[in-house]
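A.B. asks: Below, each chain spelled out in residue letters.
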Amino acid sequence: QSTIKWRMQTYAGAALAEHVIDPAINMFNKIAGDRMQIELFYADQLVPTGELFRAMQRGTIDAVQSDDDSMASPTEVTVFGGYFPFASRYSLDVPVLFNQYGLNEIWDEEYSKVGVKHISAGSWDPCHFATKDPIRSLEDLKGKRVFTFPTAGRFLSQFGVVPVSLPWEDIEVAMQTGELDGIAWSGITEDYTVGWADVTNYFLTNNISGAWAGSFFANQDRWNELPEDLQALFRVCCDQSHYYRQWWYWGGEASLRVNGPKMELTTIPDAEWATVEDAAVKFWDEIAAESETKAKVVKIIKQYNADMVKAGRPYRYG
Amino acid sequence: MTFARKYITFIDGMNRLIGRTVMYGIFVMMGILLWSSISKTFFLPSLWTLEMAQFAMVAYYILGGPYSIQMGSNVRMDLLYGEWSLKRQAWTDAITVFFLITYLCVLLYGGYDSLSYSLQYGERSPTAWRPYLWPIKSIMCLGIFLMLLQAISEFLKDILRLRGEDIAKETI
Amino acid sequence: MSYELIAILMFSTMMLMLLTGQRVFGAIGFVAVMASLLLWGDRGGYDLGFSAAMKLMKWYPLLTLPMFIFMGYVLSESKIADDLYKMFHVWMGGLNGGLAIGTIGLMVLISAMNGLSVAGMAIGSTIALPELLKRGYDKKMVTGVIQAGSSLGILVPPSVVLVLYAMIARQPVGQLWLAGVVPGLMMAGMFILYIVVRCKMNPALGPALSPEERNVPREEKMRLLRAGLLPLGIFAAMMVPFVNGWTSLVESSAIGALTAFAAAILKGRMTREVFENSVRNTLGISCMFMWIILAALAFGAVFDGLGAVKAIESVFTEKLGLSPWMILILMQLSFILMGTFLDDTAMLVIVAPLYVPLVGELGFDLIWYGVLYTITTQIAYMTPPFGYNLFLMRAMAPPEVTLRDIYGSILPFVLVMTLALATIMIFPQIALWLPEYVYNK
Ligand code: NA
Ligand code: NA
Chain A
657 QSTIKWRMQT
667 YAGAALAEHV
677 IDPAINMFNK
687 IAGDRMQIEL
697 FYADQLVPTG
707 ELFRAMQRGT
717 IDAVQSDDDS
727 MASPTEVTVF
737 GGYFPFASRY
747 SLDVPVLFNQ
757 YGLNEIWDEE
767 YSKVGVKHIS
777 AGSWDPCHFA
787 TKDPIRSLED
797 LKGKRVFTFP
807 TAGRFLSQFG
817 VVPVSLPWED
827 IEVAMQTGEL
837 DGIAWSGITE
847 DYTVGWADVT
857 NYFLTNNISG
867 AWAGSFFANQ
877 DRWNELPEDL
887 QALFRVCCDQ
897 SHYYRQWWYW
907 GGEASLRVNG
917 PKMELTTIPD
927 AEWATVEDAA
937 VKFWDEIAAE
947 SETKAKVVKI
957 IKQYNADMVK
967 AGRPYRYG
Chain B
247 MTFARKYITF
257 IDGMNRLIGR
267 TVMYGIFVMM
277 GILLWSSISK
287 TFFLPSLWTL
297 EMAQFAMVAY
307 YILGGPYSIQ
317 MGSNVRMDLL
327 YGEWSLKRQA
337 WTDAITVFFL
347 ITYLCVLLYG
357 GYDSLSYSLQ
367 YGERSPTAWR
377 PYLWPIKSIM
387 CLGIFLMLLQ
397 AISEFLKDIL
407 RLRGEDIAKE
417 TI
Chain C
5 MSYELIAILM
15 FSTMMLMLLT
25 GQRVFGAIGF
35 VAVMASLLLW
45 GDRGGYDLGF
55 SAAMKLMKWY
65 PLLTLPMFIF
75 MGYVLSESKI
85 ADDLYKMFHV
95 WMGGLNGGLA
105 IGTIGLMVLI
115 SAMNGLSVAG
125 MAIGSTIALP
135 ELLKRGYDKK
145 MVTGVIQAGS
155 SLGILVPPSV
165 VLVLYAMIAR
175 QPVGQLWLAG
185 VVPGLMMAGM
195 FILYIVVRCK
205 MNPALGPALS
215 PEERNVPREE
225 KMRLLRAGLL
235 PLGIFAAMMV
245 PFVNGWTSLV
255 ESSAIGALTA
265 FAAAILKGRM
275 TREVFENSVR
285 NTLGISCMFM
295 WIILAALAFG
305 AVFDGLGAVK
315 AIESVFTEKL
325 GLSPWMILIL
335 MQLSFILMGT
345 FLDDTAMLVI
355 VAPLYVPLVG
365 ELGFDLIWYG
375 VLYTITTQIA
385 YMTPPFGYNL
395 FLMRAMAPPE
405 VTLRDIYGSI
415 LPFVLVMTLA
425 LATIMIFPQI
435 ALWLPEYVYN
445 K
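Residue numbers (the working numbering), protein chains in the order written: chain A, 657 to 974; chain B, 247 to 418; chain C, 5 to 445.
Because the hints were derived from the structure by calculation, they are not lab data.
It is possible that some hints are incorrect.
Quick list of the computed label-pair ranges, beta carbon to beta carbon [claimed, not checked]:
#1 C:Y441 <-> B:G318: 28 to 34 Å
#2 B:G328 <-> C:L337: 45 to 51 Å
#3 A:L748 <-> C:M342: 39 to 45 Å
#4 C:M19 <-> A:E948: 55 to 61 Å
#5 C:G367 <-> A:D885: 40 to 46 Å
#6 C:M190 <-> A:L748: 56 to 62 Å
#7 A:A670 <-> C:W437: 25 to 31 Å
#8 A:A670 <-> C:L337: 26 to 32 Å
No experiment lies behind these values; they were computed from the predicted model shown.
Virtual Cβ for every residue (Gly too), placed ideally from N, Cα, C.
Go ahead and model the full structure; you've got the sequences and the hints to work with.
C.D. replies: Here it is as structure tokens:
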């Protein structure tokens, strides 16, 4: 019996992949041994990230780790992948939304329609600004060309931010060639891991989302062909990857804010930042008006956040 | 053979016309990039300039491709080729041009597939500007198709050369 | 079949197809799509070729390519370099070998205004070469001067080769460009030193101009000096906003192209014919580059899919057990070997992606390596029996210059360039000092 071989591409470049995916895939390969091996490719290596979904749908690539937004999935839930503004405050919010509030079922249904298996969603880091010049008020955001997620960019453009999308691996260089003024793509852990802390000077402690939502996907036929135990093993390794990121980011964000030598922290006062939070609620309604499915997801997100506020500390303060 | 000659005249003429039109695209790209630096300096930076310049660049080189073949701009490794007689060059080209044709066919098939996906799902570029991608993908498919027609024209020219007709080599 | 074997097969098939003389992009593209069809045909292997086109579209620094190519054509077609040449002629003519020294100076200024070595070659062999031969300069020396001098075109910013290298190595273009400045000037200085020494030993190689010819009124001499301001102006219009971060790389390249275009118009040199030639040839050469890159990207994706980079790395480090410096030197030698039959774009897009990550993993500075890479490939294109610069020179030089002369002219300059290469390898600060100084935040 010959070894099953899968090709998997992640949205992350090599430096980030070392944490967000490599350990899980190494573990999978070690356990599956001669039965199955997954070859991992990094950002844009086999196909550009914009073509990732298509490549998986056709089977050029068997599995993908990405957010729905960056790889432009042709589904109704795409806008909610990546950083949907202010949908979550903590990284535990994402798995709760998916496992206890019904997002898993919606995602499964949406991706089944386009021939892709949604395996599981996990949580990443919060979304902060890392910039060349300091941001201390909303006024400072005006005219800044910032690398960010498509949906986050749509939201931020009302504050004068000019969102730019470039291949992930080109960001560091684009900061230096003047194509970008800043990055709103990650928390401070990634800024340091990826090298962005070397090309930016300031870190804004306000975030537009507390956690990134990304998923593991597979080509539907490839997934169905796997024996049940390998499917289970793959799921376990995905969960291991989700768990690793929970503590890696949570601890990393705090530690680098306190001890990181490369970036100076700045803050927009809460009263002023409330403008952005209010705008997010309007943005949610705008999105909800676009389709029934989107309305369903927005309703869940609203319900969840209302529940958290009612639950009080430590879920929400104030 | 009259068909071959007609085909060559028509395809070369059409591709030449298209090439001579898109060659001014260099000024379009310059204009977009200049606007980009002006808008950035004096107003808010534009959302669309970099992506638009990229679209212009793609249209420029893909639609200009067939004309560049006519001009002979596409380098060949002339280590051996350069020393051969014109007849021998024509012989070899008439065979090896099928490698080029194969490449272009696969490219075109991939392009067609990608374009139909774009149309089916209304694919937009994952940027804040969110332009639809079918227009640029259509231009790409058209350009690759024209390139294919040009490669066939080159093949026919080699056949005519082998039959003793005097057809000038491509020159810049 | 093992992936290593497929990789070797792909590479050798590509070499064979290139030897048939078919257009380079056709040969590379064919091997790429056939390999991807054979490997992944039933699972979407046919769309890798087109995926490369989408990848290329997203490589925004490629926008600089047509800009710099246009700039080079405007400069050489409109002959605004003529005045520059006269300037050096009048000011340097009195020395033994002075015109040859002036030609190197001319090459430095031309390098600062365009991104390829071809423009320098064209201007050198059409303007400088006939004059030098008329004054009794040694044929062998002057053809060498022009070939060596034109290689500065891609070392002194702006440089198309360094833009492409920057994309492959994921390094900032600005720093790479600045890294090329001092090595470029150093190499120019070494060429000049060589000319001075040779002509001192044997004045017949480069006779000084007669006093009558040198008898130019002082006013005229000063007026000619102003010609040197033009290239400096074009260079500054492009580089100052870029280095200060006012304009991005691609915007700066457009400003550079527009400035060169405007200069040609203001000097009354932008005739209909010049315009037509510049615009048309820019399309031709840009298409040449882009289609090769398109094919090579597909080739690279398949190669990546096979894990070829890891395979090469393991051969070097584990199987051969070489030290980092040995590997680096071996790589440079293999570049020189491949430069005899691959053209520069193909080499950049196919070979560099295999080597550059390895260089990074060995712990070398990739900015520094970019400079080494550029000089090495230039040596490769100049070394007989085959090299792109050699053939270009033969095509552009006057008929009395034979291929034998060209071959014979190369050796001393290749030695000088190798010496420069070794110096920069031993003292990386020659390349790294300027970018560190300018970009130190
Ligand atoms: Na992130
Ligand atoms: Na240059």
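A.B. asks: Determine for every hint whether it applies to the structure shown.
C.D. replies: Here is how each hint holds up against the structure:
1. C:Y441 <-> B:G318: 28 to 34 Å: The hinted range 28 to 34 Å is violated for C:Y441 and B:G318, with Cβ atoms some 45 Å apart.
2. B:G328 <-> C:L337: 45 to 51 Å: Violated, at about 26 Å.
3. A:L748 <-> C:M342: 39 to 45 Å: At roughly 54 Å between Cβ atoms, C:M342 and A:L748 fall outside 39 to 45 Å, so the hint is violated.
4. C:M19 <-> A:E948: 55 to 61 Å: holds, 58 Å
5. C:G367 <-> A:D885: 40 to 46 Å: holds, 42 Å
6. C:M190 <-> A:L748: 56 to 62 Å: At 59 Å between Cβs, range holds.
7. A:A670 <-> C:W437: 25 to 31 Å: Cβ of A:A670 to Cβ of C:W437: about 29 Å, so the range 25 to 31 Å holds.
8. A:A670 <-> C:L337: 26 to 32 Å: holds, 28 Å
Of the numbered hints listed earlier, those contradicted by the structure are 1, 2 and 3.
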